[in-house]
Structure formats: C-alpha cells, structure tokens
Amino acid sequence: MNALLFDRDGAASKLAAEGSLALGVGETELAAKKYFEAGALLEKGLVEARKPADLHLLRFLAATQYYRGGHYSKAEKLSKRIESRYLPRDMDPTWQRFQKDLRFRAAPGYVERMRLRLGMLSTKGEPRAILDHLKEHPYLYKQDVLAFLRGSLCEELGHWKAAAAFYAAAIQNAQDGSDYVLMTVGRVLCMPSEGRLEEAWEFISRLRDKRPNSVTNLVASITCFHRASKLAGVDRLAMHRQQIKLFEEGWATFKLLPEDRKKSEDLRWIVSIGFSTANMALMRLGDDRRAGELIEEEIEFDPNDPGPLSARGMLNYPSERALADFRKAIELPHPGYVPFVYLAREAFLRKKDLAEAERLTNEALSRQPGPAIQARLFSWLAMIRHCRGADRVEVELLFDRGLQIDPRNRQVWEAYKEFTDALKAENSDSRQSWEAEFHEEFDEPSNPIWKASEESLSFRKNRRRDQLLAGAP
Amino acid sequence: MSTGPTLELRDLPSIHSKVSLLHHCGPSAIVRLSLDPTQLPSGTMAREVLVEWLSCPGSGDPRQSVENIGWSGVPQSILDACETWTATKNEKVITEEAAIGVMALLVHRLESAEILSVLQIGSGGDYLLAMNGQTVQIESSGIREDDRGYHTNARLKEKANQVLTKSPAGFASVVAFSHPPNRSVCCRLHFVTSQSLALKQTKGRNKRPRQMRNSKERK
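Chains G and Z supply the protein sequences, listed in that same order. Counting from 497, one number per residue, gives the positions in the first sequence under our numbering. Counting from 9, one number per residue, gives the positions in the second sequence under our numbering.
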C-alpha cells in the first residue's frame with residue numbers, strides 16, 4: 497500500500513479531526529459537514545489509485561468518513577463497490593464489522609427503531625445506557641434536541657459540568673425565560689436543601705457563565721445566598737455581595753423581557769425567590785436603604801405576594817407598620833413562616849398572650865420552614881407550653897423533637913439548658929432568659945412553594961425528555 | 009523525574025503540521041492523562057510518562073526514560089471540550105485517540121518523525137497512520153487500565169506483527185494510561201523489523217527450563 501496515496505497533504509485528516517472535535521462537543525451539524533468533506537476529498541484521490549489494493553482501501557477510508565458524519569446511505573453506496581479481497585487481510589474483522597453496522601444504519605426505519613429503543617431505556621430508568629447509545633448514534637436528533645437530552649441525562653447522573661455545557665448548547669437560541677430555559681434550572685433550586693450545595697453551584701455557575709440571562713442570573717443569585725448562609729464573617733458578606741450583583745443583573749434582564757414571558761408562573765416564582773433571598777442578603781449586609789428599595793420594587797412586581805410584605809415588616813420591626821404588614825401577609829396565599837414567627841414573638845413578648853403565641857408558632861411550623869427554623873420553633877413551643885404550665889415530660893418532648901431535627905442547633909440547646917437549670921433551681925422562672933431567644937433573628941427566607949414548583953419543573957423536564965427521545969418536535 | 013523539557017500538547021500543530029492532532033487527540037489525551045482513569049488534583053497541567061523506547065534498527069535492549077507531557081497553553085475550546093468528552097465519545101475511541109496524541113509527541117522527540125496522516129477506518133477504534141512518507145509504518149494502540157501489567161506487552165506484540173504485515177519495518181506504540189505498580193502512564197515505542205521480531209521469538213523459545221534442556225542433552 498502506498499501510504500502517501502491516501503491523504504497526501506493531510507487535508508482529509510484535518511477535516512476528520514475537525515469533525516471529531518465537533519462530535520465531541522455535540523456540534524453534530526458541523527461534524528456531518530466536516531466528515532462529508534473528508535470523504536469527498538478521499539474519493540477524489542481514487543483517480544490516482546492504480547493498484548486494486550490502493551483503490552479499495554481508499555474507498556473504505558472514504559466510506560468511513562461518510563459513516564462518521566452520519567451519511568449512511570452514501571457510505572453504503574460507496575462500500576458496495578469495495579471488494580474485500582483486495583483489502584489487507586488483517587483488516588477483515590474491521591471490514592466485516594463496518595459492513596454489518598452500516599447495513600443496520602442505512603436500512604429504512606433505523607432512526608425510528610433507535611428512538612423506540614431509547615424510549616424503552618428511559619422507561620427503565622437507564623440514563624447511562626441512553627448516553628452510551630447516543631455516543632454510537634449521534635445523528636438521531638437535531639443538534640439542540642440532542643444537547644438537551646444529554647444535558648438532562650448528565651444531570652440525572654450527577655455530571656454537573658457536562659450537564660451545564662450541554663444545556664448551554666441546548667438553549668443557545670432559546671428565548672430567555674422560555675420553558676426550555678426554565679427546565680434546565682428546575683433541579684438546582686432544591687439541591688441546597690438536599691445538602692448538595694456545591695454541586696448546585698458547580699452547575700449553575702457554569703451555565704450562567706456560558707448563558708447569562710435572567711433565569712441563570714437569578715438562580716445563581718439564589719444559590720449564592722445558600723452558599724453565603726454556610727459562611728461567616730467577611731466571607732459571608734463577600735458572598736452576599738456576589739449574590740446581589742447576580743440578582744441585579746437577573747432582575748434588570750427580566751424587566752426587558754416581552755410581557756407574555758414575564759407572566760410565566762415558573763419564571764415569576766424564580767423572581768420571587770430571588771427577591772426574598774436578595775432582601776435577606778441586603779439586611780445581613782446592613783444595606784437597609786437598598787433593601788427597602790428592593791422591597792418596594794417587589795411589591796410593585798406582585799402586590800399579592802406576601803413575601804415582600806414580610807420583608808418590609810422585618811425591615812421595620814418593631815413598629816406598628818411592621819405588624820400591619822405581617823397581618824396583611826398572613827391573609828394572602830402562601831405567606832411562609834416569617835410573618836407568623838414575628839406575630840408569635842409579639843404575642844409572647846409584648847402582649848403576653850401565650851395561647852395566641854402558641855397558635856401562631858404552630859402556624860409557622862405548618863409552613864414547612866427549613867430544619868434549623870423548625871428546631872427553633874419546637875423549642876419556642878416547649879418554652880410557651882412550660883409557661884402555660886405543661887408538665888415536664890411534654891416540654892422535654894418538644895425540646896427533644898427540635899434537637900432531633902437539628903441536633904447542633906445552638907439556640908435550642910441554650911433554651912433547653914435554661915429550662916433544666918430552672919427545674920434544678922425549682923422556683924426559678926426561665927421565662928425572662930427565654931425572651932432573649934425570642935429576640936434572636938431568623939435567618940432563612942420563607943417560600944414554601946419552592947418544593948412544589950421544583951417538582952413541577954422537574955416533572956415537565958422529564959416528560960419533555962421522553963417526548964424528545966420519541967422524536968417529538 | 010523527567011529527563012527533558014515538558015512535551016506540550018499545544019506544540020502538536022507545529023511539529024505535525026500536516027494533521028490536526030490537537031483537534032483530533034487533544035481532548036482525549038487530556039482526559040486520559042488527567043481525569044480518567046486517574047483523577048489528578050485540580051490545576052495539574054502535566055503528567056509523567058514512563059517510556060520504553062527501542063529505536064531504529066530495532067536491535068538491542070530498549071531504553072527507559074521518563075518524559076513529561078503537558079497541556080498548558082492549549083486553546084480554551086480544547087479544555088472546554090474535555091467537560092463533555094466522556095459523555096459524547098466511547099471509552100475505546102478516547103483511549104485510542106489519547107494514545108495517538110502521546111505517541112505523536114514522543115515519536116517526534118525521540119525519532120524526529122512527523123506524522124502525515126491519521127484517519128479512522130471502519131466503525132470502531134481503528135486508525136490508519138502514515139509517518140515520514142512510505143518508509144515508516146506505525147501502529148498505535150491504547151489501554152485505559154492495565155491492572156496486571158501484561159496486557160501492554162501482549163498488545164505490543166500484536167501491533168508489532170500488524171506493522172510487519174504492511175511493511176518490512178515500522179513502529180509499534182502502545183500507551184497504557186494506568187500501569188502497575190503506581191498506576192503510572194507507560195508508553196512502549198518499539199521499532200520492529202521482521203529480523204528483530206524473529207530474533208526475539210527465538211530468544212523466547214531458547215529460554216526453556218534448565219531441567220528440560222539437560223534431559224534433552226543427556227539423550
């Protein structure tokens with residue numbers, strides 16, 4: 497074989513290499529084009545082949561490039577002109593495999609059969625198997641659909657960098673705020689509460705870097721809030737500043753969206769959480785001025801949202817205006833735990849109305865706050881019940897419940913210590929020292945509909961994936 | 009410790025200007041050298057490769073050396089591609105491409121050779137390579153993990169035989185990306201001829217157990 501005969505100047509190799517790189521990053525349209533050009537170039541060289549061995553080997557090489565680019569019919573047509581007796585003997589297994597594979601792909605119904613197979617794998621819950629099939633059959637779907645499929649599969653497998661890269665490719669031409677874009681971020685919002693904060697950040701920071709838009713900026717800001725909450729001191733404040741920057745970018749971009757997009761329920765939900773966390777961050781940063789401005793913008797964004805009313809209440813507490821905001825908030829749908837906590841605190845500390853304090857604390861608990869808040873609320877119930885004359889066993893059970901939920905909660909341990917010290921001193925009243933605990937701030941935004949909406953987005957994404965696997969447009 | 013300067017993947021376009029090896033093999037090489045099967049600490053930009061090299065004319069004992077292969081200064085698009093590579097390419101193809109990339113750097117450094125063409129043939133991980141015109145054939149192969157350490161030798165023999173079916177002499181290159189005892193990267197780059205292969209096979213046959221040889225001699 498004349499090794500110089502095929503690809504004399506390396507031009508076909510270069511085209512094939514570009515095709516290979518394109519395939520590797522999921523750019524199947526470019527890959528198809530490059531491999532086609534490589535095959536065509538090799539076919540041109542056939543005129544110079546004098547020996548049958550060279551001629552048929554060149555045809556095999558050209559057919560391979562067409563195959564690589566998904567041009568199966570063209571590859572099959574060319575390979576039918578190859579006489580295997582002229583190929584090097586050691587190439588026989590390669591040739592046999594190639595023929596068999598090509599026949600399968602060039603046959604009518606290949607795409608439909610493969611899509612059906614992938615659908616069945618999806619039903620069985622085998623994302624890795626689907627991914628492996630897509631490696632071998634990358635031309636079953638349009639480029640952006642393939643990217644979305646791969647993104648959701650990598651997400652399911654916890655391969656966050658790859659998921660972000662694929663989703664970024666999938667939403668390249670999608671409108672900001674569209675369902676497609678929202679589906680890519682649905683999973684991220686609940687990962688912090690699952691203890692997967694760093695994975696959430698790994699994903700959203702990459703997606704946001706590649707595709708900065710209202711959705712990715714807002715979700716990144718929310719994730720940043722959770723990261724800041726795990727830190728202390730100057731690190732926490734620095735993280736909050738980063739959060740605010742992301743929020744401001746997201747909010748500014750949101751305001752430029754078309755009106756119909758702004759009405760999307762899921763998008764508005766993300767904006768609402770963005771506002772809640774931004775408000776809390778600004779309060780932690782001590783920037784009450786900007787917090788106040790943002791709250792007014794949020795109230796204008798959604799006058800029926802109890803969130804900004806609670807936030808304004810927190811900003812102005814203690815004051816009658818704050819209490820009025822809390823009372824209005826609890827009348828609206830999904831008020832979260834915050835207004836109930838402040839009203840319960842007011843009932844315990846100022847009104848000395850223990851029954852009301854207990855009722856409001858139970859209401860706060862029923863709003864599904866996070867573990868740290870739940871634990872503290874159980875300790876509040878313990879304190880209130882003790883003040884109302886409940887027996888020791890009942891009170892201890894309530895403290896115990898709080899500590900089971902959050903075993904390292906400092907405030908709960910301190911309150912419990914006060915209780916046990918008071919019991920030892922027999923006549924001592926722990927109520928005064930507990931008042932300090934009621935004054936301590938709560939540090940978690942209150943939006944109980946996160947979980948329901950995340951589940952809704954995830955469900956829609958999985959359903960959309962199955963539709964796409966089956967070949968839906 | 010490496011015996012010379014780091015061989016950088018970013019130099020592939022200049023040393024093998026006729027083929028786009030950086031596009032073709034760069035991401036696979038970076039994946040195999042730094043992510044899988046061995047994940048290196050983040051920020052690591054080079055890896056040692058233990059090289060066993062038998063140069064032309066293929067006689068004598070192979071030389072051992074340690075080379076450093078690096079990936080600093082490669083275009084960001086190549087580094088970005090590594091993020092999705094294992095989700096878009098099958099394991100065998102990644103390993104074979106990575107082996108070509110490592111071999112390309114070593115063959116230039118050790119033999120001043122230039123690769124002229126790299127074309128995949130068939131539907132699997134087989135490649136046709138051309139080097140330095142007609143005069144030198146090269147067969148390249150990769151092994152992702154050689155747990156026991158003997159697959160590399162077996163594959164080398166296979167590739168050596170393959171070279172000689174096409175040409176009276178050539179190179180056989182096998183890169184194992186995890187090799188005992190330390191899961192290091194090893195490359196065996198051997199120049200083979202029909203005479204040198206025959207000589208090796210004869211040496212192997214002559215290494216019969218002493219007892220057997222003595223009993224035959226006694227007869």
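Calculated directly from the structure, the hints in this document are not laboratory data. All values derive from a computational prediction rather than experimental measurement. Heads up, a few of these hints could be off.
Chain G is nowhere near these chain Z residues, computed Cβ spacing over 10 angstroms in every case [as the list claims (entries may be wrong)]:
id, residue
1, 25
2, 73
3, 124
4, 154
Pairwise CB distance ranges, derived in the manner of DEER restraints [said to hold, decoys possible]:
id, chain 1, residue 1, chain 2, residue 2, range
5, Z, 191, G, 726, 16 to 26 angstroms
6, G, 669, Z, 88, 13 to 23 angstroms
7, G, 529, Z, 88, 16 to 26 angstroms
Calculated lysine-lysine pairs in the DSS-like style (CA-CA distance at most 30 angstroms, straight line) [said to hold, decoys possible]:
id, chain 1, residue 1, chain 2, residue 2
8, G, 596, Z, 174
9, Z, 26, G, 631
10, Z, 165, G, 540
11, G, 726, G, 631
12, G, 570, Z, 165
Positions of the beta carbon are idealized from the N, C-alpha and C atoms, including for glycine.
Status of each hint after checking the structure:
no.: 1; hint: 25; in the structure: violated, 8 angstroms
no.: 2; hint: 73; in the structure: holds, 28 angstroms
no.: 3; hint: 124; in the structure: violated, 6 angstroms
no.: 4; hint: 154; in the structure: holds, 22 angstroms
no.: 5; hint: Z/191 <-> G/726: 16 to 26 angstroms; in the structure: violated, 35 angstroms
no.: 6; hint: G/669 <-> Z/88: 13 to 23 angstroms; in the structure: holds, 19 angstroms
no.: 7; hint: G/529 <-> Z/88: 16 to 26 angstroms; in the structure: holds, 21 angstroms
no.: 8; hint: G/596 <-> Z/174; in the structure: holds, 25 angstroms
no.: 9; hint: Z/26 <-> G/631; in the structure: holds, 28 angstroms
no.: 10; hint: Z/165 <-> G/540; in the structure: violated, 36 angstroms
no.: 11; hint: G/726 <-> G/631; in the structure: violated, 39 angstroms
no.: 12; hint: G/570 <-> Z/165; in the structure: violated, 37 angstroms
When each numbered hint is compared with the structure, violations occur for hints 1, 3, 5, 10, 11 and 12.
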